[in-house]
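In this text, residue positions in the sequence shown follow our numbering: the first is 1, and each later residue adds one.
Each hint should be verified, as a subset may be incorrect.
[What the hints assert, rightly or not] Simulated restraints, written as ranges between beta carbons of each label pair:
| hint | residue 1 | residue 2 | range |
| --- | --- | --- | --- |
| 1 | Leu282 | Val80 | 52 to 60 Å |
| 2 | Gly157 | Gly48 | 23 to 31 Å |
| 3 | Asp342 | Thr298 | 36 to 44 Å |
| 4 | Pro36 | Val80 | 27 to 35 Å |
| 5 | Glu35 | Arg122 | 32 to 40 Å |
| 6 | Arg247 | Lys392 | 31 to 39 Å |
| 7 | Lys205 | Lys270 | 50 to 58 Å |
| 8 | Glu261 | Asp307 | 22 to 30 Å |
| 9 | Gly48 | Arg91 | 23 to 31 Å |
| 10 | Lys371 | Thr298 | 29 to 37 Å |
| 11 | Glu95 | Ala194 | 44 to 52 Å |
| 12 | Ala104 | Arg318 | 44 to 52 Å |
Rather than coming from a laboratory, the hints here were simulated on the basis of the structure. Think of the CB as a built atom: it goes at the ideal place given N, C-alpha and C, for glycine as much as any other residue.
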Amino acid sequence: MTTHGFTLFDTSIGRCGIAWGERGIVGVQLPESREPETRARLLRHYPGAVEASPPPEVQCVVDAIVALMAGEAADLSAVVLDMHRVPPFHRRVYEVARTIAPGATLSYGEIAKQMGAGGSARSVGQALGRNPFAIVVPCHRVLAASGKIGGFSANGGIATKLRMLSIETAQASGQGALFEGDGAFGFDPAAAVAHLREADAVLKKLIDEVGPFRMRLRQARSIFVALAEAIVYQQLNGKAAASIFARVCALFPVAQGLTPEQILRTSDQKMRGAGLSNSKLLSIKDLARKAVNGEIPTLAEAHRMDDEMLIERLTQVRGIGRWTVEMLLMSRLGRPDVLPVDDYGIRAGFATAFRKRKFPAPKDLLKPGEKWKPYRTVASWYLWRAADRAKK
């Protein structure tokens, strides 16, 4: 197969790639962890391809993908794909998958039935796992039986799949575009609970007592706003902190929201008048300066960074410690495997659930936590519930 060229382009889920040839689009690459890895994967699939500006017909495809992943209406059903080296069964799977509208889903079994190949759900899944035309052939809209999320072979796995589905569902339901990750966990909560029940008998008992996993993600305009709010809330009860943060936000136009530029333009006297202590004022100003300098990642950039990388980056801000970033990872970004061992509530819940006579030190949670990987966020939520139950 002769591939004329390829290019990389930015979307709300990261920097994607597309390759084209004489017969149409030959491949679409979802983002890897870093841009060089995305480029390298494209070149492994299409050796000899040359990075170039896309011709007009390919640019139209790029524009449609960007729009779709931004939560806008876009139609990719007529995009010409070069399938001459795609096996016949795979080709039929892809043709059916292309009929699934944004915001809708089918199961592997339903696709098999539409093909007249009932009982071939596993083969359908394998075909979609080898899909070279990501997004154009929307394999992210295909779920496992009973509505379970199923697998996803792209970088980020089901976290990427869930984000793509969240974006499209918001557009289809008229909610408009979502911020990256808002409201969508980067994992399947049902699978996480099942894993924990299997991995730890004590947690299984706690899960049975507490009931379903009901953690909800908090929305934020940006990482900057989420961290500014976290600084205000430090060492205050919820009601007092909410009142101060509301007064800080009220200093600025509602339509624009809280921005680092506004913070830096506002006098210290005015900020203190909203209720900020001098220490918190210095922290928020430092956060704003780092945001203006590009040191605070956007939500899209944050989703391409692993947990430790984000912790290292964000703890450079005055007043932001590891615990604050861990709360951001769990409650804002929906990361699956965070265990904040310094959190008092987590340790209190562990002492209660595991019947410890002595209050545990942070290090005492590390070994038990190994069993809870890769869903320590869910385990943490249940430990918090154990602490709540003990108080009552």
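Hints versus structure:
1. Leu282 / Val80: 52 to 60 Å: Once the Cβ atoms are compared, 57 Å apart, the range 52 to 60 Å for valine 80 and leucine 282 holds.
2. Gly157 / Gly48: 23 to 31 Å: holds (30 Å)
3. Asp342 / Thr298: 36 to 44 Å: violated (27 Å)
4. Pro36 / Val80: 27 to 35 Å: holds (29 Å)
5. Glu35 / Arg122: 32 to 40 Å: Given range 32 to 40 Å: holds, Cβ gap about 34 Å.
6. Arg247 / Lys392: 31 to 39 Å: Distance hint for arginine 247, lysine 392 holds at roughly 33 Å.
7. Lys205 / Lys270: 50 to 58 Å: Between lysine 205 and lysine 270, where Cβ atoms are some 53 Å apart, the hint holds.
8. Glu261 / Asp307: 22 to 30 Å: The hint (22 to 30 Å, Cβ to Cβ) holds, given that glutamate 261 and aspartate 307 are roughly 29 Å apart.
9. Gly48 / Arg91: 23 to 31 Å: Taking Cβ atoms as reference, glycine 48 and arginine 91 lie about 24 Å apart, which means the hint holds.
10. Lys371 / Thr298: 29 to 37 Å: For lysine 371 and threonine 298 the Cβ distance comes to about 35 Å; the hint holds.
11. Glu95 / Ala194: 44 to 52 Å: Taking Cβ atoms as reference, glutamate 95 and alanine 194 lie about 34 Å apart, which means the hint is violated.
12. Ala104 / Arg318: 44 to 52 Å: Given a distance of about 47 Å, which is inside 44 to 52 Å, the answer is holds.
Comparing the model with each earlier hint shows violations of hints 3, 11; every other hint is respected.
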